[in-house]
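Listed below, chain by chain, are the residues.
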Amino acid sequence: MKVTVDEAKCCGAGTCVMLAPDVFDQRDDDGIVILLDEHPGEALHGVVREAASVCPGVAISVSEDA
Amino acid sequence: MTAPSDVLVVGASAAGLATVEALRRKGYAGRVTVLGAEAHLPYDRPPLSKQVLGGSWLPGQAQLRTPATLSALDTEFILGDPAVRLDAGARTVHTAAGRTLTADAVVLATGLRPRTLPGQDGLAGVHVLRTLDDTLALRTDLAPGRRVVVVGDGVLGAEIAATVCAAGVPVALAGPQPAPLAYQFGPLAAGLLAELHAARGVELRLGSAVTGLAADHGRVAGVRLASGEVLAADVVVVAFGAAPATEWLAGSGVVCDNGVVCDSRCRAADGIYAAGDVARWHHEGLDALLRLENRTNATEQAVAVAGNILGEDRPYMPVPYFWTHQFDARIHVHGTLSADAEVSVVEGDPGEGRFVAQYRRDGKVTGVLGWNMPKQARLRRQDIAGAVLAGRT
Ligand SMILES: Cc1cc2nc3c(=O)[nH]c(=O)nc-3n(C[C@H](O)[C@H](O)[C@H](O)COP(=O)(O)OP(=O)(O)OC[C@H]3O[C@@H](n4cnc5c(N)ncnc54)[C@H](O)[C@@H]3O)c2cc1C
Ligand code: SF4
Numbered sequence: 001m002k003v004t005v006d007e008a009k010c011c012g013a014g015t016c017v018m019l020a021p022d023v024f025d026q027r028d029d030d031g032i033v034i035l036l037d038e039h040p041g042e043a044l045h046g047v048v049r050e051a052a053s054v055c056p057g058v059a060i061s062v063s064e065d066a
Numbered sequence: 001m002t003a004p005s006d007v008l009v010v011g012a013s014a015a016g017l018a019t020v021e022a023l024r025r026k027g028y029a030g031r032v033t034v035l036g037a038e039a040h041l042p043y044d045r046p047p048l049s050k051q052v053l054g055g056s057w058l059p060g061q062a063q064l065r066t067p068a069t070l071s072a073l074d075t076e077f078i079l080g081d082p083a084v085r086l087d088a089g090a091r092t093v094h095t096a097a098g099r100t101l102t103a104d105a106v107v108l109a110t111g112l113r114p115r116t117l118p119g120q121d122g123l124a125g126v127h128v129l130r131t132l133d134d135t136l137a138l139r140t141d142l143a144p145g146r147r148v149v150v151v152g153d154g155v156l157g158a159e160i161a162a163t164v165c166a167a168g169v170p171v172a173l174a175g176p177q178p179a180p181l182a183y184q185f186g187p188l189a190a191g192l193l194a195e196l197h198a199a200r201g202v203e204l205r206l207g208s209a210v211t212g213l214a215a216d217h218g219r220v221a222g223v224r225l226a227s228g229e230v231l232a233a234d235v236v237v238v239a240f241g242a243a244p245a246t247e248w249l250a251g252s253g254v255v256c257d258n259g260v261v262c263d264s265r266c267r268a269a270d271g272i273y274a275a276g277d278v279a280r281w282h283h284e285g286l287d288a289l290l291r292l293e294n295r296t297n298a299t300e301q302a303v304a305v306a307g308n309i310l311g312e313d314r315p316y317m318p319v320p321y322f323w324t325h326q327f328d329a330r331i332h333v334h335g336t337l338s339a340d341a342e343v344s345v346v347e348g349d350p351g352e353g354r355f356v357a358q359y360r361r362d363g364k365v366t367g368v369l370g371w372n373m374p375k376q377a378r379l380r381r382q383d384i385a386g387a388v389l390a391g392r393t
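In order, the protein sequence lines correspond to chains A and B. Position 35 (the first sequence) corresponds to 35 in the UniProt record's numbering; numbering is contiguous. Position 152 (the second sequence) corresponds to 152 in the UniProt record's numbering; numbering is contiguous.
Calculated from the structure, these hints are not laboratory results. The beta-carbon is built from N, C-alpha and C at its ideal position, and this holds for glycine as well. Incorrect hints may have been included.
Unchecked claim - Computed spacing ranges between beta-carbons, pair by pair: (1) A/His45 <-> B/Glu76: 24 to 30 Å; (2) A/Asp25 <-> B/Glu347: 14 to 20 Å; (3) B/Arg85 <-> A/Lys2: 56 to 62 Å; (4) A/Glu64 <-> B/Pro187: 35 to 41 Å; (5) A/Arg27 <-> B/Gly145: 40 to 46 Å.
Build out the structure end to end from the sequences listed, making use of the hints.
Set out below in structure tokens:
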């Protein structure tokens with residue numbers, strides 16, 4: 001699995017960080033998402049897919065075959 | 001409980017799509033159909049009053065998923081055909097085009113319809129902003145030299161006024177509150193918002209309710225205030241609230257009272273669920289019926305509904321959250337605010353345009369507002385979660 005984020009679309013909600021703190025963080029100054037792990041381990045796949053689905057900025061993409 | 005053999009979702013937007021994604025993520029392999037009134041593939045609404053209205057995004061950029069991602073969901077999307085009737089007992093939905101769709105589980109996710117002013121229908125130059133088509137119609141009407149009046153001093157009206165003003169079009173904001181969002185934010189944050197709007201050139205005509213429209217030869221000419229004054233306008237945007245889109249549920253057997261009334265599992269009747277702006281469910285933590293009109297609720301409630309369809313049997317108990325973007329202020333709100341709450345700044349400095357304020361009632365933290373401090377506001381959210389859950393029995 002490969003995760004990508006689009007900073008321009010992120011609204012800084014932090015939903016992703018609450019769901020998967022090992023994969024996402026937010027910048028201190030403007031709250032924009034920081035991707036901590038582009039290739040999260042299998043145990044995190046479910047929660048990362050959920051983060052992508054519920055991200056209110058539609059800023060997270062997951063490619064399953066990468 | 002066994003999983004239903006098929007699921008029908010009515011409403012092809014944030015909540016409807018998130019329901020389908022959550023069903024598939026949780027391993028559901030049955031048949032899924034999504035019915036939507038609009039002809040467009042699922043798109044997102046927050047960018048409509050921001051990027052799309054302002055012109056920095058093309059309409060396609062508001063799309064929620066690419067066609068490839070949608071087709072991977074193995075779901076039939078029936079678009080441009082609104083549901084007109086539900087038979088809750090049989091779980092059958094009838095559509096405007098004459099389709100009859102029946103499923104083991106039906107999810108109602110039809111959102112809201114904007115309130116309108118008397119005499120607004122058929123009058124040129126008067127707009128609402130809920131759909132992509134609404135947004136494009138308004139944009140086209142913002143021709144140079146036109147003067148816009150936004151009716152509604154809540155979050156949507158204030159956001160539209162900011163976007164129109166930033167695009168260089170003269171705009172006035174009208175509504176009964178002393179400052180934009182004052183009833184919700186209270187004097188400190190609403191006062192800052194009023195200062196920001198005024199400094200950037202929005203003409204604030206607040207403190208007087210709007211009673212109607214003035215017209216001239218079939219086109220709007222102004223907005224009438226309770227004070228007797230008429231604000232001249234070439235274009236009027238009516239943004240003073242919206243009502244749940246439930247008229248099609250009349251006689252269905254599902255209870256509608258300011259939304260589809262649901263239990264704590266977001267269930268309105270046997271096999272019938274509701275999610276998003278249209279759902280009014282029992283929040284066990286607060287022991288109250290709640291209906292939230294925000295983007296994160298649409299998806300989080302959809303995840304809860306998908307789980308309950310599959311037999312998880314969990315109550316839905318979110319901490320409400322929304323954000324708004326006006327000029328250079330990015331405001332994030334967790335929990336609930338109220339104008340009479342005790343407000344204290346717990347981080348940053350309002351004078352510097354970055355702060356977090358905590359709202360308390362009866363000594364308990366009910367909400368947090370971050371002004372250009374999203375991460376810090378989120379980190380304070382746990383103070384509220386405690387208070388929300390403290391009401392649990
Ligand atoms: C302009 C705008 C800006 C916003 N900005 C923000 C923001 O900054 N932050 C935030 O937190 N929230 C914001 N919101 C709120 C957020 O967009 C909503 O909470 C969210 O869209 C709700 O999703 P939903 O799927 O429940 O309803 P909707 O998005 O309203 O979707 C309902 C869908 O159902 C369809 N439908 C209606 N009736 C029928 C029928 N009879 N049959 C079939 N389909 C039907 C509609 O066409 C629509 O596509 C904004 C809303 C608007 C309108
Ligand atoms: S959930 Fe989405 S919008 Fe919110 S911080 Fe994460 S990436 Fe940004």
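Earlier hints that do not hold, by number: 3, 4
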